[in-house]
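A.B. asks: Based on the hints, put chain B in the right spot on chain A.
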Amino acid sequence: DSGVTQTPKHLITATGQRVTLRCSPRSGDLSVYWYQQSLDQGLQFLIQYYNGEERAKGNILERFSAQQFPDLHSELNLSSLELGDSALYFCASSVQAGEQYFGPGTRLTVT
Amino acid sequence: GQQVMQIPQYQHVQEGEDFTTYCNSSTTLSNIQWYKQRPGGHPVFLIQLVKSGEVKKQKRLTFQFGEAKKNSSLHITATQTTDVGTYFCAADQAQGAQKLVFGQGTRLTINP
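Sequence lines, in order, name chains A and B.
Using the working numbering, the first residue of the first sequence is number 529, and each one after it goes up by one.
Using the working numbering, the first residue of the second sequence is number 361, and each one after it goes up by one.
Just chain A, with the same shape it has in the complex (with noise of 0.2 Å):
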């Protein structure tokens, strides 16, 4: 158990739907990473957030949006999903730059 905990577990949608994934990080870690993951892409960083603030954008799509909150908690909201859209989406968090601690992941799959 890395200490970050991912909500849902699995979420089954329709395309054009919209959805919320949510991370809490581990106890004290203050950057929250957001990672998608398929079959053919692997591991792609979406997004980071260091204390509420954005710090370093990837390949994040823009009807993809996230937020990190006061009490460090993130949301990852993905819109006008398309089939494409289905993956394994993990959220990280580290102290700083270093070793970075994965979630379980939302499966999502867009039908």
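Don't take every hint at face value.
Using 35 Å as the maximum straight-line C-alpha spacing, the simulated DSBU-like pairs for lysine-lysine come out as follows [what the hints assert, rightly or not]:
#: 1; chain 1: A; residue 1: K585; chain 2: B; residue 2: K396
#: 2; chain 1: B; residue 1: K417; chain 2: A; residue 2: K585
#: 3; chain 1: A; residue 1: K585; chain 2: B; residue 2: K411
#: 4; chain 1: A; residue 1: K585; chain 2: A; residue 2: K537
#: 5; chain 1: B; residue 1: K430; chain 2: A; residue 2: K585
#: 6; chain 1: B; residue 1: K419; chain 2: B; residue 2: K396
#: 7; chain 1: B; residue 1: K396; chain 2: B; residue 2: K430
#: 8; chain 1: B; residue 1: K416; chain 2: B; residue 2: K430
#: 9; chain 1: A; residue 1: K585; chain 2: B; residue 2: K416
#: 10; chain 1: B; residue 1: K419; chain 2: B; residue 2: K430
#: 11; chain 1: B; residue 1: K416; chain 2: B; residue 2: K396
#: 12; chain 1: B; residue 1: K419; chain 2: A; residue 2: K537
#: 13; chain 1: B; residue 1: K411; chain 2: B; residue 2: K430
#: 14; chain 1: B; residue 1: K411; chain 2: A; residue 2: K537
#: 15; chain 1: B; residue 1: K417; chain 2: B; residue 2: K396
#: 16; chain 1: B; residue 1: K411; chain 2: B; residue 2: K396
#: 17; chain 1: B; residue 1: K430; chain 2: B; residue 2: K417
Some, not all, of what chain A presents toward chain B, calculated at C-beta under 7 Å [stated by the list, open to error]:
#: 18; residue: G570
#: 19; residue: L571
#: 20; residue: F573
#: 21; residue: G580
#: 22; residue: A584
#: 23; residue: P598
#: 24; residue: E627
#: 25; residue: F630
#: 26; residue: P632
Read the hints as simulated data drawn from the structure, not as lab findings.
Backbone N, C-alpha and C define an ideal beta-carbon position, used for all residues, glycine too.
C.D. replies: Just chain B, lined up with the frame of chain A:
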């Protein structure tokens, strides 16, 4: 952007055989991390290498960072069934922030 190439994509070995996965970048890396993901699980941090030519060992696992800091390898001696999983290298792309670029991973399967 920076790309990290990892080979092989798949490796199947007999239990007790050695295993090596390689990670290569066209640019100099500030550091490199290695993660292991068991089937159905999440990536778990193994190690970070920072110095040129660095070699670190964890029991049967040996990690190397190239002299030019453009390549890295993970070698497992005498594999065991518990070593099954996908091994990823990840390069830190940004200074200050941490923007990890993951290799495609090497999926290791083992015949007991």
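A.B. asks: Need the status of pair K585 of chain A, K416 of chain B: alpha-carbon distance at most 35 Å?
C.D. replies: Distance of about 31 Å is within 35 Å: holds.
A.B. asks: Against chain B, with CB atoms and a cut of 7 Å, does the hint on G580 of chain A hold up?
C.D. replies: 14 Å, violated
A.B. asks: With a cut-off of 7 Å on the beta carbons, see whether P598 of chain A makes it to chain B.
C.D. replies: 21 Å, violated
A.B. asks: Holds or violated: K411 of chain B with K396 of chain B, Cα cutoff 35 Å?
C.D. replies: 21 Å, holds
A.B. asks: Does the CB of E627 of chain A sit less than 7 Å away from some CB of chain B?
C.D. replies: Constraint on E627 of chain A satisfied, holds at 5 Å.
A.B. asks: Is the straight-line distance between the alpha-carbon of K430 of chain B and that of K585 of chain A 35 Å or less?
C.D. replies: 23 Å, holds
A.B. asks: Run the distance test for K419 of chain B versus K537 of chain A: straight-line Cα separation, threshold 35 Å.
C.D. replies: 33 Å, holds
A.B. asks: Can you confirm whether the C-alpha distance between K417 of chain B and K396 of chain B stays at or below 35 Å?
C.D. replies: 15 Å, holds
A.B. asks: Are K585 of chain A and K396 of chain B close enough, with their CA atoms no more than 35 Å apart?
C.D. replies: With Cα atoms ~24 Å apart, K585 of chain A and K396 of chain B stay inside 35 Å; holds.
A.B. asks: Taken at face value, is the distance from the CA of K537 of chain A to the CA of K411 of chain B at most 35 Å?
C.D. replies: 38 Å, violated
A.B. asks: Holds or violated: K417 of chain B and K585 of chain A, Cα atoms, limit 35 Å.
C.D. replies: 33 Å, holds
A.B. asks: Checking hints one by one. Is F573 of chain A an interface residue toward chain B, by the C-beta closer than 7 Å rule?
C.D. replies: It holds, given that the least Cβ distance between F573 of chain A and chain B is near 6 Å, below 7 Å.
In summary, the numbered hints that this structure violates are 14, 21 and 23.
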